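Engineer: Guided by the hints, dock chains S, H and P onto chain L, whose structure is given.
Protein chains in written order, with the numbering used here: chain L, 14 to 181; chain S, -5 to 96; chain H, 4 to 513; chain P, 88 to 204.
Hints are supplied without guarantee of correctness; some may be wrong.
Between beta-carbon pairs, the in silico distance windows are [unchecked claim]:
hint: 1; chain 1: H; residue 1: Thr274; chain 2: P; residue 2: Leu101; range: 48 to 56 Å
hint: 2; chain 1: P; residue 1: Arg120; chain 2: L; residue 2: Lys37; range: 33 to 41 Å
hint: 3; chain 1: P; residue 1: Glu203; chain 2: H; residue 2: Pro389; range: 28 to 36 Å
These aren't lab readings, by the way, just hints derived from the structure by calculation.
Source: prediction; values computed, not measured.
Beta carbons: idealized from backbone N, C-alpha and C, even for Gly.
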Amino acid sequence: MQLVLFFVLALLAVAGAVGVVLSKNAVYSALALLLNFAVLAVFYIMLNAQFLGVVQVIVYAGAIVVLFLFVIMLIGGQLAPDALTAGSRRPARVVALIAGLVALAGLAYGLVSGALAPQTGQVQGSGSVQAIGRVLFTDYLLPFELASVLLLVAMIGAVVLARKPTKS
Amino acid sequence: MVPLSWYLVLAAALFSLGLYGALSRRNAIAVLMGVELILNAVNINLVAFNRFIVPAAVNGQIFALFVLAVAAAEAAVGLALIIAIYRTRNTVNLEDADLMKG
Amino acid sequence: MTLPTLDLVVLLPQLIVLTAALLVLVVDGLSGARSWLLAGISLVALLAAGAAAIWLSLQPGEPRRLQAMAVADGFALLFDVVIVVAAVLGVLLAYQSIPRISQQVGSYYALLLLAVVGMMTMGAALDLIVVFLALEILSLALYILAGFNRSEPRSAEASLKYFLLGAFASAFFLYGAALVYGATASLNLEAIAAALAGGSRSPAMLYLGIALLIVGFGFKVALVPFHMWTPDVYPGAPTPVTAFMSAATKAAAFAAFLRLFLTALPTAQPTWSWALAVLAAVTMTLGNVAALRQRELKRMLAYSSIAHAGYAAVGLVAGTAQGAGAVLFYLLAYAFMNVGAFGVVAALERAGEYDVARGRLAGLSERQPALAAAMAIFMFSLTGIPPFAGFFGKLYVFGAAVAAGWGWLVVIGVINSVISAYYYLQVTVEMYFAAPAAEAPAAAAAGKKGRAVAKAAAPSPAPEEGKAAPAPLSRATAAAVLAAALGTVLIGVLPALLTGWIAQAVQGIF
Amino acid sequence: MPSDYLPILILIVLATVFAIIAMALPAVLGPSRKTKAKLEPYESGMVPYTDARRRFPVQYYVIAVLFILFDIEVIFLYPWAVMLRQLRLFGLIEMAVFLGILLVGYVFVWKKGALEW
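Excised from the complex, chain L in its bound form:
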């Protein structure tokens, strides 16, 4: 039962990712990304990380994809600036394809040949909000405070960059 569920979901996740990569229209890419994110939330719950699953939906599906769509609407999907210097993208695409395939083969080989002996003992509630909170606010206190510094940087950045270029 779980195996079937895994395959169906994995197929959906990969389909979403393929959609992100191949869609010509940025809006469809964003929607495919949403599908991918939502499916991953289910995986997290299957992996006993319930809180993370919920956060995945709230942050990724609820916020990041919305921000992407917002920007696409703001400037029009086709009008986004080019990522790198202009020029023919065909060589880059071939390189990207090779890189992607090599990465996939290498990672799959490395991971499967790693011969991990997974300890599949049952553990209760390790992904619950309490368990996360207990460790996050004691052992991982420094990263927690650093996260607020990071958010502060992003906040200043949004103000600096999104304003009109004013020239005195």
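Structural biologist: Structure of chains S, H and P alone, referenced to chain L:
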């Protein structure tokens, strides 16, 4: 019980797709989406390792939580940069859009 | 539930700088931009943080720790000093030129200080989560700073390129960190080392992880296959930002790079040191060869900084305490000489200019002898000519590599230094022996001719001379260039002041 | 345990099925007479005078970003609220620092006029 290696292969597949997307796309927003896919592949890895290798701990999940937070901040700054470039190039069009104020 | 006790003194330098950043934001938000006040707060805080780092490093006994997250050992604290040097010079350089390109001066200083917080934390981090968050803080702040010049479209595009490649590199770093976590079941650097001490359970995964970590760090320090952002971003960013990030980002990234690889992954050293040796050799060669052909100063210095990342990586390849100390010394020297060189560029730059053509240097020794002398010092030091700081940096790095059995890499390094001499010394020749171009900038020509005679030929200036600089050179810029020149000379004349201290400091990461 | 989430799954399936039925039934059963007025976007009975798909002013972007960033804040607040009783004063102080840093950013953004439109 789904074995660990399946999750890892799924993550590797998402990583490769994200890599392909980030390298092959020309549109900056699409490149950023490719990067987001890679970050999600990372999170699957972290949570799966946490579940199978150190099931009593939550450090992998906490790392994944921070990855999520960083991904959001990164997207915010990156999209702001994209908008900034768009504005310096096409100021005229956006002045039109300001008419909505009234 | 037992609550932890926190030894916050560990993060004293970071806390000082963070407080100053918040103060800058509040002052700027509430009272509007008063440039001198904001710069003053930043300078005082940075100097205080540097003093705190030195004070902490002089404390006897075991290094203090903040839980299992961060440590204030000599290694971290001396890297703090390197970052403070670059940041202080960056603030001084910004004082004149940032108000010319942007009205958001407060944001500039705040972002610079927050980047410093991230950089300092990177060197002190003991946990992969902390390394990652610190890396992201400094990266995000620098993406924004690099795009600070909003009126120049090329600057914004360089910033976007930097962002996309940087985000990509962070993703690689994360994937590598996740695989290392999978192979060792731990995120703490010391626990990773302990888990690997008895041999890895899944070596394939571990080595994949290490390879991805090298890619991630390689992007940040600009090692060669991952350097393509540098030649666009360095000229595109405002010059004070370029100066700051060229030295400080390298220092922070190398600090984490060294600590991660030497503390957590020493058992895998035979593998990663070979990979890094190849990268270092390619980086030095390509960086220097590309720099030869550049006709613009910032672009030339961008390629030269790639080459210098290669030199510093040689010390990491050695993988010994001697090598780690050499990298630390090298980066300190680099902070003075490279920020100084960019400071001279900033002084020559006209408002709103994208890059400075090398032809502008012609006859500089006539017009601004002090500036020319300072530039000559930086160029000699970057080449590695004694008695300047850069010479000893290279000497120690190459010495450590030879001692660790990397003779061939040192041969490549020395050949590269010879290649680099060509373009660095050509800059000096242009300043002293080339006739000024017909279109000599009117603003810069208003030098005090009276002083021109005294030191024109000698490459060592009297300290007073920087202050007597021509009118368009602001006091802050002059002070930055002067301080950088003094630092370059002092470290070069008295390297022994530092070497003992550094040798002791780096013991902490093994 | 994942099986605890079965009710949610059932709910999702039911909701999807209901939505499909609700959309399919009128299409099958009802007559379809398209007139111009019916196809126009509804604007409180007014005649629409612009295309609905137009671009927003960029100022809104800052608001959107602030939403994202405070959304992240909430994911940290939630486990904190659950654990506050055990964390006691310690927890209160650490969250005060966290929020204090963000508050400075908020004041800065506000004073810079980025929230006005």
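Engineer: Each hint should be assessed against the structure and marked as holding or not.
Structural biologist: Hint check results:
| no. | hint | in the structure |
| --- | --- | --- |
| 1 | H:Thr274 x P:Leu101: 48 to 56 Å | 55 Å, holds |
| 2 | P:Arg120 x L:Lys37: 33 to 41 Å | 35 Å, holds |
| 3 | P:Glu203 x H:Pro389: 28 to 36 Å | 60 Å, violated |
Consistency with the previously given hints fails for number 3 only.
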